[in-house]
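Visitor: Residue numbers (the numbering used here), protein chains in the order written: chain F, 1 to 466; chain B, 1 to 466.
I should point out that these hints are in silico values taken from the structure, not numbers from a laboratory.
It cannot be assumed that every hint is accurate.
[What the hints assert, rightly or not] Quick list of in silico lysine-lysine cross-link-like pairs, DSSO-like style, CA-CA up to 30 Å:
| id | chain 1 | residue 1 | chain 2 | residue 2 |
| --- | --- | --- | --- | --- |
| 1 | F | 77 | B | 347 |
| 2 | B | 77 | F | 347 |
| 3 | B | 57 | B | 40 |
| 4 | F | 153 | F | 77 |
[As the list claims (entries may be wrong)] Selected chain B positions facing chain F (in silico; Cβ < 8 Å):
| id | residue |
| --- | --- |
| 5 | 41 |
| 6 | 105 |
| 7 | 107 |
| 8 | 246 |
| 9 | 299 |
| 10 | 302 |
| 11 | 315 |
| 12 | 317 |
| 13 | 445 |
Remember, it's a predicted structure, so these values are computed and weren't measured experimentally.
For each residue, glycine too, the CB sits at the ideal point set by N, CA and C.
Take a look at the letters that make up each chain.
There are 2 protein chains.
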Amino acid sequence: MQNNSDLNELLNPRSIAVIGATNTPGRVGRIIFEQLLRFKGPVYPVNIRENEILGRKSYEHVEVLPETVDLAVIAIKAESAVRVANDCARKGIPKLIIVAGGFSESGEKGRALEDWLVSITQNSNTRILGPNTLGLFLPHNQLDTIFVDHGDKALAGGGGVAFISQSGSVGTEALGLASNTGFGLRSFVGLGNKCDLDELDFLSWFGQDPETTCLAFYIESLSQGRKFLEKARQTSLIKPVVVLKAGRSEAGADAVSSHTGRLAGSDRVVGGAFRQYGVQRVFDDEELCDAAKTLSGLPPAQGNRVAILTPAGGYGVMGADHVEMTRGGIRLEMARLSNETQEQIYKTSFSFASCRNPVDLTASANDRMIGDALSTIIDDDGVDIVICTAFFSPPSITDGLVESIASRVRDSQKPVIVFTQYGPFTDSYLRQFHREGIVGFPSIGRAVRAARFLVERAGILQSIRA
Amino acid sequence: MQNNSDLNELLNPRSIAVIGATNTPGRVGRIIFEQLLRFKGPVYPVNIRENEILGRKSYEHVEVLPETVDLAVIAIKAESAVRVANDCARKGIPKLIIVAGGFSESGEKGRALEDWLVSITQNSNTRILGPNTLGLFLPHNQLDTIFVDHGDKALAGGGGVAFISQSGSVGTEALGLASNTGFGLRSFVGLGNKCDLDELDFLSWFGQDPETTCLAFYIESLSQGRKFLEKARQTSLIKPVVVLKAGRSEAGADAVSSHTGRLAGSDRVVGGAFRQYGVQRVFDDEELCDAAKTLSGLPPAQGNRVAILTPAGGYGVMGADHVEMTRGGIRLEMARLSNETQEQIYKTSFSFASCRNPVDLTASANDRMIGDALSTIIDDDGVDIVICTAFFSPPSITDGLVESIASRVRDSQKPVIVFTQYGPFTDSYLRQFHREGIVGFPSIGRAVRAARFLVERAGILQSIRA
Numbered sequence: 001m002q003n004n005s006d007l008n009e010l011l012n013p014r015s016i017a018v019i020g021a022t023n024t025p026g027r028v029g030r031i032i033f034e035q036l037l038r039f040k041g042p043v044y045p046v047n048i049r050e051n052e053i054l055g056r057k058s059y060e061h062v063e064v065l066p067e068t069v070d071l072a073v074i075a076i077k078a079e080s081a082v083r084v085a086n087d088c089a090r091k092g093i094p095k096l097i098i099v100a101g102g103f104s105e106s107g108e109k110g111r112a113l114e115d116w117l118v119s120i121t122q123n124s125n126t127r128i129l130g131p132n133t134l135g136l137f138l139p140h141n142q143l144d145t146i147f148v149d150h151g152d153k154a155l156a157g158g159g160g161v162a163f164i165s166q167s168g169s170v171g172t173e174a175l176g177l178a179s180n181t182g183f184g185l186r187s188f189v190g191l192g193n194k195c196d197l198d199e200l201d202f203l204s205w206f207g208q209d210p211e212t213t214c215l216a217f218y219i220e221s222l223s224q225g226r227k228f229l230e231k232a233r234q235t236s237l238i239k240p241v242v243v244l245k246a247g248r249s250e251a252g253a254d255a256v257s258s259h260t261g262r263l264a265g266s267d268r269v270v271g272g273a274f275r276q277y278g279v280q281r282v283f284d285d286e287e288l289c290d291a292a293k294t295l296s297g298l299p300p301a302q303g304n305r306v307a308i309l310t311p312a313g314g315y316g317v318m319g320a321d322h323v324e325m326t327r328g329g330i331r332l333e334m335a336r337l338s339n340e341t342q343e344q345i346y347k348t349s350f351s352f353a354s355c356r357n358p359v360d361l362t363a364s365a366n367d368r369m370i371g372d373a374l375s376t377i378i379d380d381d382g383v384d385i386v387i388c389t390a391f392f393s394p395p396s397i398t399d400g401l402v403e404s405i406a407s408r409v410r411d412s413q414k415p416v417i418v419f420t421q422y423g424p425f426t427d428s429y430l431r432q433f434h435r436e437g438i439v440g441f442p443s444i445g446r447a448v449r450a451a452r453f454l455v456e457r458a459g460i461l462q463s464i465r466a
Numbered sequence: 001m002q003n004n005s006d007l008n009e010l011l012n013p014r015s016i017a018v019i020g021a022t023n024t025p026g027r028v029g030r031i032i033f034e035q036l037l038r039f040k041g042p043v044y045p046v047n048i049r050e051n052e053i054l055g056r057k058s059y060e061h062v063e064v065l066p067e068t069v070d071l072a073v074i075a076i077k078a079e080s081a082v083r084v085a086n087d088c089a090r091k092g093i094p095k096l097i098i099v100a101g102g103f104s105e106s107g108e109k110g111r112a113l114e115d116w117l118v119s120i121t122q123n124s125n126t127r128i129l130g131p132n133t134l135g136l137f138l139p140h141n142q143l144d145t146i147f148v149d150h151g152d153k154a155l156a157g158g159g160g161v162a163f164i165s166q167s168g169s170v171g172t173e174a175l176g177l178a179s180n181t182g183f184g185l186r187s188f189v190g191l192g193n194k195c196d197l198d199e200l201d202f203l204s205w206f207g208q209d210p211e212t213t214c215l216a217f218y219i220e221s222l223s224q225g226r227k228f229l230e231k232a233r234q235t236s237l238i239k240p241v242v243v244l245k246a247g248r249s250e251a252g253a254d255a256v257s258s259h260t261g262r263l264a265g266s267d268r269v270v271g272g273a274f275r276q277y278g279v280q281r282v283f284d285d286e287e288l289c290d291a292a293k294t295l296s297g298l299p300p301a302q303g304n305r306v307a308i309l310t311p312a313g314g315y316g317v318m319g320a321d322h323v324e325m326t327r328g329g330i331r332l333e334m335a336r337l338s339n340e341t342q343e344q345i346y347k348t349s350f351s352f353a354s355c356r357n358p359v360d361l362t363a364s365a366n367d368r369m370i371g372d373a374l375s376t377i378i379d380d381d382g383v384d385i386v387i388c389t390a391f392f393s394p395p396s397i398t399d400g401l402v403e404s405i406a407s408r409v410r411d412s413q414k415p416v417i418v419f420t421q422y423g424p425f426t427d428s429y430l431r432q433f434h435r436e437g438i439v440g441f442p443s444i445g446r447a448v449r450a451a452r453f454l455v456e457r458a459g460i461l462q463s464i465r466a
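Go ahead and model the full structure; you've got the sequences and the hints to work with.
Guide: Right, here's the structure in full:
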């Protein structure tokens with residue numbers, strides 16, 4: 001297996017062939033080809049049984065394509081896919097994505113087919129992503145081979161998260177999040193069976209990509225454990241590397257072995273190694289997405305003192321409870337606001353506001369008061385992280401609250417995390433905050449957990465720089 | 001303070017007056033009155049400045065109403081509200097809801113106003129809900145005084161959860177859930193400042209209500225701790241009582257004191273007492289809603305052995321990890337499927353399916369195979385709880401999967417929990433399962449946590465019956 005390969009032809013190809021492209025609606029080859037029509041470079045359909053696909057000339061074989069494309073997406077069944085992969089390698093096509101399942105994850109025969117793929121990569125310069133992969137989605141390139149519907153793709157753009165997943169289903173969660181509430185993706189990569197390209201290749205690539213601000217991995221088995229860890233440490237000096245390593249428990253590890261045919265590795269060893277090499281560890285898919293969103297959008301915390309601002313007392317109380325629970329070894333504490341801060345908040349809100357931390361402006365608050373109190377709290381030297389509750393039900397609060405908060409957050413060097421929730425409108429408000437570049441969550445527990453990620457990141461930087 | 005009052009006039013009134021009803025759009029009095037136009041009995045607007053409100057004759061004072069209503073909703077500012085409450089008590093109106101804030105939660109003057117309300121209840125037979133309350137929502141009665149928009153109310157009906165919240169904002173979460181993903185409410189009650197009616201009154205009432213299958217409380221301070229616990233134990237013999245007691249940490253308790261003017265009570269004492277009295281304790285608002293949904297819809301588990309069925313390997317792995325983590329002292333284990341079960345699953349699916357637990361039918365599965373495997377797993381005597389992953393991205397899986405699963409679950413005595421997720425369509429699938437009476441969650445972690453609730457409930461029943 002080669003390393004440090006140039007993935008440019010895969011992630012930023014000049015031209016693409018789609019093998020198995022078809023006019024038949026609902027087929028994977030049709031979905032992928034149709035999506036790639038938005039791609040800026042040439043995209044050639046290859047299908048021996050059709051002359052024209054969605055208005056474009058179809059080619060019988062890769063041999064007769066007008067150019068040697070950078071990337072071929074092979075969307076046909078396992079056995080044929082292997083034969084075509086061989087043709088592509090002979091033709092000198094440098095990068096292949098093999099979509100089909102039915103390889104090492106599905107028994108003896110599939111394993112033999114996958115061995116064949118491995119031998120193709122060993123005997124050529126062709127590199128393979130997959131098989132059994134959901135493929136790629138790079139919003140900035142309009143490069144999308146994901147054959148399941150993942151909603152409003154516009155909401156996934158403009159972000160810095162490279163999300164790399166060994167599981168297609170976990171991948172769809174991040175993509176779904178993107179369209180539900182906004183999630184700034186630089187790239188989604190489905191690793192599939194990793195017959196060739198694996199997490200190390202993408203760690204290397206996105207680690208060096210200046211537009212990538214955070215790497216998030218869902219991994220069941222590490223193909224090259226030590227090299228991955230060493231590269232992770234280098235990368236972590238520059239940007240966060242978050243990993244969900246599934247298969248922790250005995251039963252989970254058994255399941256990994258059934259699912260991937262590989263050993264999961266002892267969980268305790270993995271935990272220790274991650275700490276040593278500056279990998280930020282998370283424990284489920286929601287946490288992975290939340291950590292990526294937080295760490296790609298906010299700086300590490302300068303300390304662990306959290307202030308909470310709210311117009312709804314109940315969430316101040318629960319927020320304080322969450323802050324004072326120690327989770328994952330990361331201790332937060334409730335900041336002590338200075339007398340000046342408290343006075344200033346009184347002055348700009350009400351005499352009956354509760355100006356200790358949590359700061360409860362009560363349901364009489366309006367957009368301006370929340371913005372003013374937020375500024376005041378940000379300016380308090382005793383505060384490292386601010387959690388601002390954006391609640392839209394109090395009568396004097398309007399949709400203008402989004403801008404009132406955003407204008408203060410834009411000027412802040414300190415991390416500010418928004419918690420917003422308003423029944424059926426929650427996702428819509430989360431999208432509005434996302435568009436303003438603000439990191440928001442729909443539960444106070446998740447907002448406090450996000451603060452923990454920032455404190456943990458600061459600790460990791462300190463320990464790997466030492 | 002009186003107890004065991006008859007709350008029929010509040011929760012099932014024959015007639016209602018809305019004081020402060022108005023034609024002015026956006027005002028609380030308008031929103032409440034407009035909503036109550038759907039109420040089946042007479043609803044009278046009271047407003048000294050208007051002759052007609054939304055086409056109905058308006059009354060100047062409660063004194064001139066054509067009848068003594070069962071319930072008056074008072075939607076005017078604090079000081080006037082107290083005066084009107086006094087008028088209502090003199091007129092003999094038995095139940096009042098006082099919406100306004102500006103009472104004990106907001107300083108000296110407010111506290112004096114609230115003391116006045118207390119004296120009204122002490123010198124009359126009138127009972128007060130609030131002040132500072134979001135009010136009531138009883139879908140079966142079309143009785144809705146909630147003045148914040150909470151989406152599609154149709155989705156909240158038909159359920160058995162009595163959700164009683166001291167915090168309005170936490171309340172809106174449950175109501176939002178209802179419209180986002182389906183949540184079967186019997187009743188929502190906002191307690192507000194609890195100047196009179198408190199959690200004990202509603203525990204007594206809904207404990208005896210045959211249509212209520214689960215009680216869920218968000219509480220910051222227990223007004224009558226011992227009586228509440230004793231009533232909870234009686235109730236818990238018949239139906240689950242779930243309580244989120246906020247203000248656990250020191251800072252949280254401080255915040256409760258600012259927010260409500262009451263002491264939160266030592267957290268350790270609360271924890272021990274809850275265990276002793278059969279109260280099922282949860283720790284945040286998401287958990288409260290999830291527990292209520294689970295416990296109102298599914299029987300206690302007969303044991304702690306969980307089987308997981310999935311067409312997506314990654315979630316099988318993470319699910320097994322979640323099962324084998326001990327959380328909140330509740331131990332689950334992965335069930336060992338019998339050889340007959342495994343053979344039967346092979347027979348009805350694929351030779352390459354992984355038929356140990358987690359059962360991974362792979363992305364080649366179809367609706368029928370998942371249904372068949374689900375039946376087979378339900379019938380295995382070594383399984384106490386089944387978690388079924390409903391994934392809609394595999395090519396042979398259609399929307400028919402909902403019915404394929406539902407038809408098997410309907411006949412099952414064993415609890416089956418569905419985990420479903422499909423990016424932007426997740427909520428829609430959750431609603432479909434909800435309509436079929438199936439308990440579903442959008443994360444595998446929450447599905448496993450739901451299994452824990454059922455095991456915990458079984459343990460509580462055992463211990464309080466002993």
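Visitor: Would you check the hint for residue 57 (chain B) and residue 40 (chain B), treating anything up to 30 Å between C-alpha atoms as holding?
Guide: 17 Å, holds
Visitor: The hint names residue 445 (chain B) as touching chain F; please verify it with the least Cβ-Cβ distance against 8 Å.
Guide: 5 Å, holds
Visitor: Does the closest beta carbon of chain F sit nearer than 8 Å to the beta carbon of residue 105 (chain B)?
Guide: Nearest chain F Cβ about 7 Å off; hint holds.
Visitor: Close enough to count: is the Cβ of residue 246 (chain B) nearer than 8 Å to one in chain F?
Guide: At about 4 Å, which falls below the 8 Å cut-off, the nearest Cβ of chain F leaves the hint on residue 246 (chain B) intact, so it holds.
Visitor: Should the interface hint for residue 317 (chain B) be scored as holding, given a Cβ-Cβ cut-off of 8 Å against chain F?
Guide: 4 Å, holds
Visitor: Are residue 153 (chain F) and residue 77 (chain F) close enough, with their CA atoms no more than 30 Å apart?
Guide: Answer holds: residue 153 (chain F) to residue 77 (chain F) is near 28 Å, not above 30 Å.
Visitor: Given residue 299 (chain B) as an interface hint, is its Cβ closer than 8 Å to any Cβ of chain F?
Guide: 25 Å, violated
Visitor: Restraint: residue 107 (chain B) near chain F, CB-CB cut 8 Å. Satisfied or not?
Guide: 4 Å, holds
Visitor: Hint check: residue 77 (chain B) vs residue 347 (chain F), CA-CA at most 30 Å. Holds or violated?
Guide: 23 Å, holds
Visitor: Using the nearest Cβ pair, does residue 315 (chain B) come within less than 8 Å of chain F?
Guide: Because about 6 Å separates residue 315 (chain B) from the closest Cβ in chain F, which is inside the 8 Å limit, the hint holds.
Visitor: Holds or violated: is the Cβ of residue 302 (chain B) closer than 8 Å to a Cβ in chain F?
Guide: At about 20 Å, which exceeds the 8 Å cut-off, the nearest Cβ of chain F leaves the hint on residue 302 (chain B) violated.
Visitor: Is the shortest C-beta separation between residue 41 (chain B) and chain F less than 8 Å?
Guide: 27 Å, violated
Violation of the numbered hints given earlier is confined to hints 5, 9, 10; the remaining hints are satisfied by the structure.
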